[in-house]
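From just these sequences and the hints, can you work out the full model?
Protein chains: 2
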Amino acid sequence: MSKIMPKTMKDIARDLGVSVSTVSRALMDSPRISAVQKERIQQYAREYNFCPNMIGEALRHSKVKPMKVIGVILPEMVHYFFMSVLSGIEEEARSRGYSVMVAQSNERYEKEVAICNDFYKNKVCGIIVSQAKDTKQYGHFQKLMSNGIPLVFYDRICTGINCSRVVVDDYMGAYTAVSHLIESGCSRIAFYGSPMNMEISKNRYNGYHDALVKHGLRENPDWVKLCDNRAEAEAFTPPILRENPRPDAFFAINDDTAIGILYTAKHMGFKVPDDISICGFTNGDRSKACDPLLTTVDQRGTLVGKKAADILIGLVEGSLPMDKTVRGMVRTSLVIRGTTR
Amino acid sequence: MSKIMPKTMKDIARDLGVSVSTVSRALMDSPRISAVQKERIQQYAREYNFCPNMIGEALRHSKVKPMKVIGVILPEMVHYFFMSVLSGIEEEARSRGYSVMVAQSNERYEKEVAICNDFYKNKVCGIIVSQAKDTKQYGHFQKLMSNGIPLVFYDRICTGINCSRVVVDDYMGAYTAVSHLIESGCSRIAFYGSPMNMEISKNRYNGYHDALVKHGLRENPDWVKLCDNRAEAEAFTPPILRENPRPDAFFAINDDTAIGILYTAKHMGFKVPDDISICGFTNGDRSKACDPLLTTVDQRGTLVGKKAADILIGLVEGSLPMDKTVRGMVRTSLVIRGTTR
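Protein sequence lines, in the order shown, are assigned to chains H and L. FYI, full-length UniProt numbering numbers position 46 of the first sequence as 46, with every residue one higher than the one before it. FYI, full-length UniProt numbering numbers position 53 of the second sequence as 53, with every residue one higher than the one before it.
Possibly wrong hints are sitting among the right ones.
What the hints assert, rightly or not - From the derived model, a few chain H residues whose C-beta atoms are all more than 12 Å from chain L:
#, residue
1, A35
2, P239
3, N244
Stated by the list, open to error - List of simulated lysine-lysine pairs, BS3-like, C-alpha gap at most 27 Å:
#, chain 1, residue 1, chain 2, residue 2
4, L, K143, L, K266
5, H, K121, H, K324
6, H, K288, L, K266
7, L, K225, H, K288
8, H, K121, L, K121
9, H, K271, L, K324
10, H, K10, H, K136
11, L, K225, L, K133
12, L, K324, H, K123
Hints listed in this document are in silico derivations from the structure and should not be mistaken for laboratory results. Remember, it's a predicted structure, so these values are computed and weren't measured experimentally. Built from N, CA and C at the ideal position, the CB exists for glycine as well.
What follows is the structure, given as structure tokens:
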């Protein structure tokens, strides 16, 4: 890590021999200065990783005011957890005088880039984002940050850049859930998860693994499956349940997968939770509609959203310094219902 | 209904002896004209129910341009149908170059009014709204319209003002669902609904009623209940199922209520659908998580959202005249699953 202090707008103005308002206009992409001048200043700012409280300075030095609007990017909208996060952001933003602009990337990198550009054109004062599954490049995020737009990631954080974030405590959520399975009498526990390049999957797997080790149990590698939706769970589960010995419990990375396991087990004649215990992760609508009701880890999306908005507004208003990354963590809580003993 | 043509900005300018740009500025609430002048013009416009394509005229006559931003008001965000609508609006808006600003009223009139004011200040070009349950006054909507901001209602329309709207075909949805219950052998069908001052409840009840009549069946008034959530369904259903004769089918105004009936019946020892058939309305996540899967009417929120955005953009861009109300209707579809024979 470089120890050099990032440059302020005043530094840049002095270095380039222009006024502070010119620097401000260039960084706000104002039409009131020439394209050449703008590009020169923007490039210099990028080189020196300009990142103090841009918005605050812009408000002081320029008439080009950003709107009190927060841009929010959801991977998808018809999704319980993401809408809970949006709801939390909206509540926090509104109570502090900000509006919310929202868009969904549909899990596509190209759409995410287009949304970032639109948000920038719409002069949002900051962006809260959970990145698309297929996002592997980060230029669009870096560009926003170098233009002084603070970013806060939630849930699916961008590991490629050093940025503020709010995550749920996936590791402890999984650890607590699996400990509950063990303490209620289960010992042969399967894990169904997403690809391990996703932080949330890796962390939940680690929580599962460590809970087993802590309780003196061994993991059966054949029971750790890449399986994160109901259809896959319905396909994977029958052969596993015909093994001898078979699992007496399942921990699944989301409620949908857990419900696939639940109904497969029931249809095969097993009693839940007497023969087989099941625990999910989300605590969405589905967990309260299945029979029996699902034991699951509450992801507390509303709280994630509130915290993300709080951090973003802090960065925008200068109560948090833009030159360090803020890491928020929301504690999950285990909701014990009918699928565990 | 008055046959007098609504006044255009040109008419108003001539009548009041001011320029068209002054009228435009007054109606756009521009700071560039005096408060007295502004109030005088706005009042005159309200009196004459000014409503031609304001935005288009404003764009032509004024430098005060509204943003290409659509404001969306949801009664609540963590709600399957409303998030489907938002998703449809976002898709349609984005494909046509518009952004979406979103807020939730939490079913409260005061918050709805505050959101309307914020959207107006943020210069949205139009608003799509489903009104809060406790909204009884419409001044905030009328004010927006008289200021040239087109409104489109969805789902819960405002019956107090003449305004464009998109609704689902609640009547036919209910009629088709109840006909399916009858044609699959049920004859003693109960209805659980919301208060009849809500359009959607009235229309779904009428569909239920007419399907019975059409098939030569009579309604039992004791089996038409004000009951629209799971907890109430769990309270109301046991005494009804102990009657002799008892209902052999239930049609519920939403999936949540239907699931309350389903589990109550199962826990009382009835077989679903052999002894009792159940049909809901929504087709949300819950309907795919219960056991057996719920037969329900798909409300097609995404389509409702797309249609609402299409109408709004038409009004904003002038391809639809602002002086008539557009009524969009989305056909529901019955999804037959495991709770009906």
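Q. Holds or violated: are the alpha carbons of K121 (chain H) and K121 (chain L) at most 27 Å from each other?
A. 18 Å, holds
Q) For the pair supplied as a hint, K10 (chain H) and K136 (chain H), is the alpha-carbon distance within the 27 Å limit? A) Given pair K10 (chain H), K136 (chain H) is violated - Cα atoms ~35 Å apart, limit 27 Å.
Q) Just checking, A35 (chain H) versus chain L, shortest CB gap more than 12 Å? A) Fine: 22 Å to the nearest Cβ keeps A35 (chain H) off the interface.
Q.
Against the 27 Å threshold, does the CA-CA distance of K121 (chain H) and K324 (chain H) hold or violate the hint?
A. Between K121 (chain H) and K324 (chain H) the Cα gap is close to 26 Å, so the pair holds against 27 Å.
Q) Would the least Cβ to Cβ distance between P239 (chain H) and chain L come out above 12 Å? A) 22 Å, holds
Q.
Tell me if the straight-line CA distance from K143 (chain L) to K266 (chain L) falls inside 27 Å.
A. It is violated: about 51 Å lies between the C-alpha atoms, which goes past 27 Å.
(Q) Given the hinted pair K225 (chain L) and K288 (chain H), is their Cα-Cα distance within 27 Å? (A) 24 Å, holds
Q) Is the straight-line distance between the alpha-carbon of K271 (chain H) and that of K324 (chain L) 27 Å or less? A) 61 Å, violated
Q: Would you check the hint for K288 (chain H) and K266 (chain L), treating anything up to 27 Å between C-alpha atoms as holding?
A: Distance of about 16 Å is within 27 Å: holds.
Q | Distance restraint between K324 (chain L) and K123 (chain H), which requires alpha-carbon spacing of 27 Å or less | A | 34 Å, violated
Q) Would the pair K225 (chain L) and K133 (chain L) pass a check requiring their Cα atoms to be no farther apart than 27 Å? A) Since the Cα atoms of K225 (chain L) and K133 (chain L) sit roughly 19 Å apart, the hinted pair holds (cutoff 27 Å).
Q | chain L versus N244 (chain H) - minimum CB to CB distance exceeding 12 Å, so not interface | A | About 27 Å separates N244 (chain H) from the closest Cβ of chain L, which puts it past 12 Å; holds.
Hint check: violations occur at hints 4, 9, 10, 12; the rest are consistent with the structure.
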